[in-house]
Amino acid sequence: MSDQLSYYIDRPSPVHRLNPLTKLTAAFMLIVLAFFGPGYWLPSLLFAVVLVPLSFWAKVGTEFLRMVVRFLLPVIGFMFVMQMFFYPGGETPIFQLWFLTATMEGVRFAYQLVTRILILISAFILVFLTTQPTTMMSDLAQRGLPGALPFVITSTLQILPQMRQKANTIIDAQRSRGLETEGGVRQRVGALLPLVGPLVFGSIVDVEERTIAIEARAFTSPNKKTSLYEIRDPRYESIARWLMLAIMIVTVGSRIWRL
Amino acid sequence: MAVIEIRDLTYSYPLTEQPALKHLNLQVEKGEFVAIVGPNGAGKSTLCYTIAGFVPHFFRGELQGTVRVAGKDTQESSLNQWVLNVGLVFQNPFNQISGAKVTVYEELAFGLENLGVPREEMVPRLEEVMQLTDIEDLADRSPYALSGGQQQRVALASILVMQPQVLVLDEPTSQLDPIGTREVFQVIKNMSASGMTVVMAEHKVEWVAAFADRVVALSEGETLLMGTPGEVLTDPELPKHGVNVSRYTRVARAATAQGLWPQERPLPVTLDEALEGFSRESA
Chain F
1 MSDQLSYYID
11 RPSPVHRLNP
21 LTKLTAAFML
31 IVLAFFGPGY
41 WLPSLLFAVV
51 LVPLSFWAKV
61 GTEFLRMVVR
71 FLLPVIGFMF
81 VMQMFFYPGG
91 ETPIFQLWFL
101 TATMEGVRFA
111 YQLVTRILIL
121 ISAFILVFLT
131 TQPTTMMSDL
141 AQRGLPGALP
151 FVITSTLQIL
161 PQMRQKANTI
171 IDAQRSRGLE
181 TEGGVRQRVG
191 ALLPLVGPLV
201 FGSIVDVEER
211 TIAIEARAFT
221 SPNKKTSLYE
231 IRDPRYESIA
241 RWLMLAIMIV
251 TVGSRIWRL
Chain E
1 MAVIEIRDLT
11 YSYPLTEQPA
21 LKHLNLQVEK
31 GEFVAIVGPN
41 GAGKSTLCYT
51 IAGFVPHFFR
61 GELQGTVRVA
71 GKDTQESSLN
81 QWVLNVGLVF
91 QNPFNQISGA
101 KVTVYEELAF
111 GLENLGVPRE
121 EMVPRLEEVM
131 QLTDIEDLAD
141 RSPYALSGGQ
151 QQRVALASIL
161 VMQPQVLVLD
171 EPTSQLDPIG
181 TREVFQVIKN
191 MSASGMTVVM
201 AEHKVEWVAA
211 FADRVVALSE
221 GETLLMGTPG
231 EVLTDPELPK
241 HGVNVSRYTR
251 VARAATAQGL
261 WPQERPLPVT
271 LDEALEGFSR
281 ESA
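Going line by line, the protein sequences match chains F and E.
What the first sequence shows, in our numbering, is residues 1 to 259, in sequence order.
What the second sequence shows, in our numbering, is residues 1 to 283, in sequence order.
Derived from the structure by calculation, the hints contain no laboratory data.
Be aware that a few hints might be false.
Unchecked claim - Below, simulated BS3-like cross-link-like pairs (lysine-lysine); rule was C-alpha separation at most 30 Å, straight line:
| hint | chain 1 | residue 1 | chain 2 | residue 2 |
| --- | --- | --- | --- | --- |
| 1 | E | Lys30 | E | Lys204 |
| 2 | E | Lys204 | E | Lys22 |
| 3 | F | Lys166 | E | Lys204 |
| 4 | E | Lys22 | E | Lys72 |
| 5 | F | Lys225 | E | Lys72 |
| 6 | F | Lys224 | E | Lys72 |
| 7 | E | Lys72 | E | Lys30 |
| 8 | E | Lys189 | E | Lys204 |
| 9 | E | Lys240 | E | Lys204 |
On a predicted model such as this, the values are computed, not experimentally measured, just so you know.
Full structure from sequences and hints, please.
What follows is the structure in structure tokens.
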């Protein structure tokens with residue numbers, strides 16, 4: 001069992017060494033370009049020419065592609081089926097299925113939608129594969145992101161595997177008392193209740209103790225927080241971030257201008 | 001000079017009729033080790049939370065009387081100032097891990113980061129506290145992948161590193177196995193020996209007898225007894241109120257009835273005291 005639920009893969013690469021905020025900015029820029037940028041093929045191009053090479057440069061290419069497929073396959077399937085048959089502006093029929101007609105416009109629209117979502121998801125996957133979540137959060141906290149937010153995100157990531165462990169304990173306990181957890185759908189759904197109850201209520205009780213523990217560690221101290229480790233942030237990265245921000249503004253701006 | 005001064009404290013949790021603590025008085029001197037014993041629901045945890053400032057700041061409710069720690073009044077302070085003076089460690093080691101850090105070393109620094117302690121100052125303080133709590137070899141491990149006793153020492157260390165004046169422990173070993181219990185008590189003992197003021201709620205009376213300067217027995221929110229461990233823990237009133245009594249005390253009490261324990265000798269709480277008494281008798 002893994003110690004923590006993070007997708008981070010520790011490998012020595014230039015991408016890993018980038019400041020977390022730079023990576024986040026780059027991800028946002030790609031997303032803005034994919035959604036507001038010009039051209040039907042731009043998102044596909046961004047994926048093939050920017051994200052995939054970047055992932056191999058970061059030495060996590062295989063993992064990256066595997067995760068993208070795993071996350072996106074269900075979305076792609078769903079989008080294509082829905083849009084193909086139900087796209088409102090569909091005029092050019094491709095084939096007929098029972099009473100439904102698949103249209104060319106629907107497929108075109110679905111492809112655009114899917115490639116945009118591809119950028120949205122894969123950009124973040126690459127960020128999380130190459131960035132230790134705690135590093136990202138302490139970097140953001142140091143930049144003045146309101147104290148509780150980074151904490152909520154990192155601790156959730158860390159606590160989820162613990163919850164899973166707890167869930168397994170509860171399942172074992174209920175099973176040893178004769179609860180059937182295997183079998184048909186109905187049986188499995190029925191087995192969910194005796195699991196969810198103790199898990200959720202137990203976690204709510206834990207929240208109070210956790211709050212006390214965090215409070216005892218001066219979490220709400222009005223002092224400006226410091227960080228144990230210095231997070232690298234060279235000058236050129238900061239310049240790069242401003243450039244990327246400018247690209248985002250221009251992209252969105254030109255879109256608004258035209259409309 | 002008393003570090004902790006509690007005068008006529010009565011406190012009720014919100015939405016409750018019965019006060020959890022009634023007309024309580026307690027003074028703890030600097031460097032003193034005070035243990036709180038009593039059955040479940042006697043108010044041990046509430047008293048710990050009060051000294052640590054979580055009553056009334058976190059739990060709200062109604063507080064009467066005065067609670068002063070290090071010269072400050074709890075009603076006139078805020079919790080985030082209070083925790084600088086008083087450190088709290090409680091039962092469940094797992095729930096005391098912040099979850100925001102990947103290694104034990106970083107976990108220990110969490111409090112210092114929140115306080116805004118500069119990096120140069122952090123490192124020596126971390127080294128010192130790890131040595132004190134004997135967790136140097138755990139520095140690079142995940143705080144979640146530790147045994148209960150190790151986790152509790154990490155919890156203890158992460159409070160101690162903030163250098164509080166008073167350490168409050170609410171049954172710190174109740175969820176630990178005997179080995180974990182011994183490890184944690186050893187650290188607490190060292191802290192006390194180095195001059196730290198300690199208040200500890202604890203069921204394990206044999207440990208209490210070995211460590212504490214003074215014992216307070218609570219029952220239903222009131223002070224039942226207060227005195228040295230020898231006086232309080234062997235008092236015949238204790239079992240009537242459901243307070244744990246050491247097995248050695250029980251044996252010696254039974255032996256007294258049989259004439260096997262010296263009449264004038266106080267009843268023992270620890271194994272050593274019992275052995276000494278019995279060997280004296282048989283000699």
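Would the pair E:Lys72 and E:Lys30 pass a check requiring their Cα atoms to be no farther apart than 30 Å?
Satisfied, since the Cα-Cα distance of roughly 15 Å is no more than 30 Å.
Mind checking the alpha carbons of E:Lys204 and E:Lys22 for me, to see if they're no more than 30 Å apart?
Given pair E:Lys204, E:Lys22 holds - Cα atoms ~24 Å apart, limit 30 Å.
Quick one, are F:Lys224 and E:Lys72 close enough, alpha carbons at most 30 Å?
holds (24 Å)
Straight-line Cα separation of F:Lys166 and E:Lys204 no greater than 30 Å?
Within the cut-off at roughly 28 Å; holds.
Are the Cα positions of E:Lys189 and E:Lys204 separated by 30 Å at most?
holds (15 Å)
Given hint E:Lys72 paired with F:Lys225 - CA-CA distance at most 30 Å
holds (25 Å)
Check the hint pairing E:Lys22 with E:Lys72 against an upper bound of 30 Å on the C-alpha distance.
holds (22 Å)
For the pair we were handed, E:Lys30 and E:Lys204, check the Cα-Cα distance against 30 Å.
Within the cut-off at roughly 24 Å; holds.
With the threshold set at 30 Å, check whether the alpha-carbon distance from E:Lys240 to E:Lys204 stays at or below it.
holds (18 Å)
The structure agrees with every numbered hint stated previously.
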